[in-house]
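*Asks:* One gets the numbering used here by counting positions in the sequence shown from 1 and adding 1441 to each.
Quick caveat, the hints were computed from the structure, so don't treat them as lab data. Watch out, some of these pointers could steer you wrong.
[As the list claims (entries may be wrong)] No more than 30 Å apart at the CA atoms, straight line, and that leaves these computed lysine-lysine pairs for DSS-like:
#1 Lys1480 with Lys1543
#2 Lys1524 with Lys1454
#3 Lys1480 with Lys1540
#4 Lys1524 with Lys1460
#5 Lys1460 with Lys1545
#6 Lys1540 with Lys1454
#7 Lys1540 with Lys1524
#8 Lys1540 with Lys1460
#9 Lys1501 with Lys1524
#10 Lys1501 with Lys1460
#11 Lys1543 with Lys1460
#12 Lys1540 with Lys1501
#13 Lys1480 with Lys1545
#14 Lys1545 with Lys1454
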Amino acid sequence: MKIFEALRQDHEKQRLLLKILAETSGNTAARQEYFEELKQQLESHAIAEERHFYTHLLEKDATVDLTRHGIAEHHEIDELIEKLDNTDMSSPAWLHHLKVLKEKVEHHLGSVDLCCTYFTQQYMGSHIIENASDTMLA
């Protein structure tokens, strides 16, 4: 199941970027670079989850609520990123919004790590998982 390892690696990278960003200050080049990388990571990862896992999990009654919750969290994360984009990086408000984003992302990643992986393996056929692996890792 190489896809699950790739997802876990993405999650660890996102956690690390959030940790690094929380330790930065001011409107510096480093903060801007790490923030852009985090945005790209979160966006591409959310698209991949929704396209290759959530669509299949929505087909099963047992996983509809969990899947909807995951999609809603992606939307909340998008809104927090937009707040950060619209806030001066040197403002204390920027760091506050980042901490809220960090909590939301870590909650979401924990849910995906624990729940979605189990449900995905239970409710998606191995051929779907392999196809998702081939597509996402290409």
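*Asks:* None of the hints should be skipped; say for each whether it holds.
*Replies:* Here's how the hints hold up against the structure:
no.: 1; hint: Lys1480 with Lys1543; verdict: holds, 12 Å
no.: 2; hint: Lys1524 with Lys1454; verdict: holds, 22 Å
no.: 3; hint: Lys1480 with Lys1540; verdict: holds, 15 Å
no.: 4; hint: Lys1524 with Lys1460; verdict: holds, 19 Å
no.: 5; hint: Lys1460 with Lys1545; verdict: holds, 13 Å
no.: 6; hint: Lys1540 with Lys1454; verdict: holds, 17 Å
no.: 7; hint: Lys1540 with Lys1524; verdict: holds, 12 Å
no.: 8; hint: Lys1540 with Lys1460; verdict: holds, 10 Å
no.: 9; hint: Lys1501 with Lys1524; verdict: violated, 34 Å
no.: 10; hint: Lys1501 with Lys1460; verdict: violated, 36 Å
no.: 11; hint: Lys1543 with Lys1460; verdict: holds, 8 Å
no.: 12; hint: Lys1540 with Lys1501; verdict: violated, 34 Å
no.: 13; hint: Lys1480 with Lys1545; verdict: holds, 14 Å
no.: 14; hint: Lys1545 with Lys1454; verdict: holds, 15 Å
Figure legend: structure checked against the earlier numbered hints; hints not met, in rising order: 9, 10, 12.
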